[in-house]
Amino acid sequence: MTEHAPTADTVLPADDALNQLSARFGDALQRDTRPGYEGLIVDPDHLVAVATALRDDLGYDYLASATAVDYLGKGDHFEMVYHLCQTSGGPPLVLKAQTPRETATLPSLVGVWPGAEFQEREAWDLMGIRFEGHPDLRRILMWEGFAGHPLRKDWKEAYYEQDQKPFDSRWPGGHVRRAEELVPYGRNVRYPDGFSPEDYEEIAETPQARGLSSLGPGVEVEELATDRLVVNLGPQHPSTHGVFRMSIMLSGEEIVSLKPIMGYLHRNHEKIGERNTFIQNMPFTDRLDYICSLSNNLGYALAVEKLMALGARYQPPTYRAEVIRVLMAELTRIVNHIWAIGFLLNDLGAYFTPMMYVINERELILDFFEAVTGSRMMCNYMRFGGVAADLPERMRSEAQLLNDRVRDVNTMEYLRDLITERLPRAIDQIDTYLTTSEVVTNRCIGVGVLTREDAIATSAAGPVLRASGVPYDVRRADPYSIYPELEFDVACRTHGDVYDRYLIRLDELHQSLRILNQILPRLVDTEGEPIFAGRGGMYSPRVPAGEAYGRVENPKGELGFYVVSDGGQNPWRYHVRAPSFINLTPLERMCVGHKVADVVAILGSIDIVLGETDR
Amino acid sequence: MYGTGLWRGLRVTLKHFIDTYLEDIRYGFRRHVPVEAFPERQGLEARGTFTVQYPEEKLATPERFRFIPFLVVENYDHPERPGHDWCTSCGICAKVCPPQCIWIVRSDDPETGRPIPEPAEFYIDIDICMNCGFCAEFCPFDAIKMDHDYELASYDRTTAHIFDKQRLSKEFRYWQSIAPTRAAEEAAARGGWEHKDVLKQKQREAKDKGAAAE
Ligand code: SF4
Ligand code: SF4
Chain F
24 MTEHAPTADT VLPADDALNQ LSARFGDALQ RDTRPGYEGL IVDPDHLVAV ATALRDDLGY
84 DYLASATAVD YLGKGDHFEM VYHLCQTSGG PPLVLKAQTP RETATLPSLV GVWPGAEFQE
144 REAWDLMGIR FEGHPDLRRI LMWEGFAGHP LRKDWKEAYY EQDQKPFDSR WPGGHVRRAE
204 ELVPYGRNVR YPDGFSPEDY EEIAETPQAR GLSSLGPGVE VEELATDRLV VNLGPQHPST
264 HGVFRMSIML SGEEIVSLKP IMGYLHRNHE KIGERNTFIQ NMPFTDRLDY ICSLSNNLGY
324 ALAVEKLMAL GARYQPPTYR AEVIRVLMAE LTRIVNHIWA IGFLLNDLGA YFTPMMYVIN
384 ERELILDFFE AVTGSRMMCN YMRFGGVAAD LPERMRSEAQ LLNDRVRDVN TMEYLRDLIT
444 ERLPRAIDQI DTYLTTSEVV TNRCIGVGVL TREDAIATSA AGPVLRASGV PYDVRRADPY
504 SIYPELEFDV ACRTHGDVYD RYLIRLDELH QSLRILNQIL PRLVDTEGEP IFAGRGGMYS
564 PRVPAGEAYG RVENPKGELG FYVVSDGGQN PWRYHVRAPS FINLTPLERM CVGHKVADVV
624 AILGSIDIVL GETDR
Chain E
51 MYGTGLWRGL RVTLKHFIDT YLEDIRYGFR RHVPVEAFPE RQGLEARGTF TVQYPEEKLA
111 TPERFRFIPF LVVENYDHPE RPGHDWCTSC GICAKVCPPQ CIWIVRSDDP ETGRPIPEPA
171 EFYIDIDICM NCGFCAEFCP FDAIKMDHDY ELASYDRTTA HIFDKQRLSK EFRYWQSIAP
231 TRAAEEAAAR GGWEHKDVLK QKQREAKDKG AAAE
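These protein sequence lines are chains F and E, in that order. Oh and the first sequence: position 377 is 400 in this note's numbering, straight run, nothing missing. Oh and the second sequence: position 82 is 132 in this note's numbering, straight run, nothing missing.
Think of the hints as simulated: they come from the structure by calculation, not from any bench.
Straight line, CA to CA, 20 Å or less: simulated EDC-like cross-link-like pairs of lysine to aspartate or glutamate:
no., chain 1, residue 1, chain 2, residue 2
1, E, Lys108, F, Glu421
2, E, Lys250, E, Glu124
3, E, Lys252, E, Glu130
4, E, Lys65, F, Asp454
5, E, Lys65, F, Glu444
6, E, Lys220, F, Glu421
7, E, Lys108, F, Asp427
8, E, Lys108, F, Asp431
9, E, Lys65, F, Asp451
10, E, Lys215, E, Asp177
Now the stretches of chain F that chain E is said to cover, found in silico as 3 or more residues with beta-carbon under 8 Å:
no., region
11, 302-308
12, 382-391
Some chain E residues near chain F, calculated using beta-carbon distances under 10 Å:
no., residue
13, Leu56
14, Val62
15, Thr63
16, Phe88
17, Pro89
18, Gly93
19, Phe100
20, Ser139
21, Ala144
22, Pro148
23, Ile212
24, Ala229
Positions of the beta carbon are idealized from the N, C-alpha and C atoms, including for glycine.
All chains, full assembly: derive it from the sequences and hints.
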C-alpha cells in the first residue's frame with residue numbers, strides 16, 4: 024500500500040529534471056516555453072542519452088504514454104511527446120522531441136523503455152514518423168495496403184466533408200444526403216504507389232518477420248526434431264474478446280513466438296476527435312472501452328478541465344459532482360472486474376455458468392446507470408465542470424405498452440442496498456465459487472508470469488502491473504477528484520501470473536466497495552447541492568491554447584487523454600493512451616514457453632476490449 | 051484435500067439451481083405471469099433465474115432513457131396552436147450533434163424574406179445518430195427530446211432510415227407520458243406548460259395590459 028500524503032513542495036518535475044541534467048546536456052535540453060505547455064524539449068540527437076539518464080539517474084522508469092503531434096502550419100514539425108513516470112508516484116514528466124515534417128525521423132526509445140514498441144509503431148502508422156533503431160517498425164493498426172498516414176493534418180479520408188465540425192451544410196440550408204451517395208462503395212479505396220492487393224502477402228506471415236526472435240535465427244529446425252508451425256488464432260474467435268488476432272509460432276506444443284495483430288476495429292478515433300468540438304468527443308469516449316464508458320468520460324473531462332483551468336472564468340466541479348463522479352467510476356470498476364473474471368472463466372473453458380452469475384450482478388448496476396444517465400453502456404454522462412444531471416429521486420419507468428414491466432424504487436435506497444448488501448454478497452460468492460477451485464488453480468497458477476521488471480519496462484498498467492508486484496495506481500500516484508480523502512488500499516500481488524491477476528481483481532472489488540461505502544454518506548450530505556459551480560452545461564466551452572494530459576485509473580489500467588488546443592472550438596490533437604492497447608506489449612513475454620490453450624487464459628487475464636485497443 | 055475447492059464451488063452452482071425452484075414454488079410455478087412478481091425477479095432480492103421473457107414481456111425504459119430523438123409539436127387539440135412546431139430552427143442541435151446527423155432547413159417568410167421560427171424541413175439520419183442526447187440537452191426550447199421507442203428495425207436502410215419532419219414529430223403529451231417528472235421539471239423552469247415563446251408573449255401582453263390600465 025502506498026500512503027498518500029498531500030505534498031506541499033511545488034517543484035515541477037520538469038524543473039527538477041532540468042536542474043539535474045542541464046550540466047550534462049547543456050542546450051540540448053530546454054524548457055518548453057510555449058504558453059500552456061509544460062515539460063522539456065530535447066534535441067533529437069541526444070534523445071536516447073537523455074531518456075537513459077532520466078530512467079537510470081532520475082528514476083523515470085515507466086513510460087506512460089508516447090504519441091506524436093502534427094504542427095502543420097504552426098511551425099511545420101512533428102513533435103513526439105513522452106509522458107514519463109516514476110513508479111514510486113508523482114505527476115508525469117513531459118519530454119518532447121521535434122523533427123521537421125520532411126524528414127520525420129527520430130531515434131527509437133524501445134531500447135530504453137520496451138513499452139515504446141507498440142506506441143512508436145502506432146506513431147509510424149498513423150503519423151508517419153520513422154523511428155531509427157526500432158526492431159520491428161511495421162504498421163500496426165492499418166494494413167500495408169493503406170495509402171498515407173491518416174493522422175497527418177493534410178490527410179483526407181474518403182468521405183471527407185470539412186476540416187472541422189459543425190459542418191456548414193447542416194444548417195440553415197441543410198438538405199440531407201447520405202455520405203455513400205457522394206463516394207460510392209468500392210471507389211473509396213486508395214492504395215499506396217506500386218501496391219497491388221492481388222500480390223499482397225502479409226508481412227507477419229513471412230518467416231523473416233515471423234519473429235524467430237526467441238530462439239534466434241541460428242537454430243536448425245531439424246535438430247529439434249519438431250516442425251515449427253504457424254497457428255493463427257482469430258480474428259473471429261470467441262476467446263479473443265473481439266476481432267483480435269494472434270499469429271503464433273509453435274515448436275511442438277510450445278509457443279516460440281507470438282505476434283498480436285490488431286486494427287480490425289480501427290475507426291481513426293483520434294482523427295474523428297480532432298474534427299469534433301470538445302464536447303462532441305464525450306460520447307465518442309464511451310465507445311473506447313465500452314464496458315467502462317463512465318470512467319472513460321471522467322478521463323476526458325479531466326483532460327479538458329485541465330486545459331480550461333489555464334484560462335480565466337473556469338470553475339472546477341462542485342463537491343457533489345466529484346462525489347457522483349467517483350461513485351460512477353467505482354461502480355464501473357466493479358462492472359468491469361466481475362465481467363473480466365466471468366470471461367476469464369469462459370476462456371478457461373467453464374463455459375457460461377460463472378459468466379451468467381456475474382452478468383446478473385452487472386445488470387443491477389446497469390439498471391442504475393440507465394436510470395441516471397439514460398443508457399446502460401453508452402452513458403455519456405460527464406461534462407466539463409460537472410456531470411450531465413443529478414441522480415434522479417426515483418428510478419422509475421413508465422409503461423407504454425401492455426406488456427411493459429415497470430419498476431419504481433427510491434434511488435438512494437436502491438444504491439444503499441446494492442452497495443451494502445447485494446454486491447458484497449455477490450463478490451463473496453465469486454470468491455467461494457472460484458478462488459480455491461482446482462479447475463482454476465491448476466490452469467492459472469504459474470502460467471503467464473510477467474516479472475516486476477518486465478511489467479514496468481513494457482508499460483503494463485492497471486491490474487497487470489499490480490499483479491506483478493508494483494503498487495502503482497494513478498488514484499494514489501497522481502491523485503484526481505476526491506480520491507485523496509478516501510480510504511482504500513492499492514491492491515498488489517507479487518507472482519505476476521494469471522492467478523494473481525485474477526486475485527487482484529477480487530482485491531480491487533473489495534477496495535471499490537470500501538470506497539463506495541464512504542461515498543454513500545457523502546451523497547446523502549450533499550443532497551440538493553448544485554452539480555455545476557457556474558452556469559454549467561455549455562456546449563461550446565472556451566478552451567485556451569495549450570496541452571493537457573488527463574489520466575485516470577481505469578479498471579483496465581491507466582487511461583490517458585492527451586489533448587492539445589490551439590484556442591479554437593476543436594482540439595488540435597486528441598490522443599488516447601489506451602490501456603488495452605499498451606497492455607498487449609508484454610503479451611509475447613507472458614506466452615512464450617506455454618501451450619496454445621494457455622494463451623487464451625493469459626489473454627483473458629490481461630482483459631482487453633477491442634474498442635479501445637484498435638480505436 | 052485435492053478437489054475440495056471444486057466441491058465448494060459446485061455448492062454455489064447447486065444453490066443457484068435450487069433457488070430457481072424455490073422461487074418458482076413461491077409463485078406456484080407462475081413466476082413469469084403475475085405482474086407483481088416482476089420487480090422482485092429483476093430487483094435486488096432476486097434469486098434464481100433473472101430472465102425477462104422478451105418480447106412477451108418488456109422492460110419499460112426509465113425516464114431518462116435515450117433513443118432516437120423526436121420533435122415536440124403542440125398537442126393536436128390545443129386551442130390556439132394545434133400541431134405547431136416547438137422547434138424554432140435555431141440550429142443549436144445541428145451544431146452540437148457529434149456525428150452531424152441533423153439537417154435543418156430554416157424557413158423564410160415569403161413576404162418579408164426574414165427567417166421565421168419554424169423549420170421548413172428537419173431530417174435525422176437514424177443510422178448515424180449515436181443516441182448521445184446532446185440535441186435534447188442543449189435545445190433551448192425543449193423542442194427535441196429523446197424517445198423511448200427502441201424497436202425500429204426495418205428492411206431497407208437506404209430509404210427507411212432518414213426520418214423527416216413528419217416522421218419525427220410527436221405530440222407534447224407524448225413527452226409528458228414517457229417522462230412525467232422531467233416534463234414537469236422543464237415546465238417549472240420555463241414558467242408554465244406552454245412553449246417558451248408563448249409564455250413570453252403572454253407575459254408581454256400582461257405587461258402591456260398592466261401598463262394600459264395604469
Ligand atoms: S435546438 Fe431545438 S429549437 Fe433549435 S433547431 Fe434544434 S430542435 Fe429546433
Ligand atoms: S442524439 Fe446525439 S447523435 Fe442523435 S441526433 Fe441528437 S445530438 Fe445527434
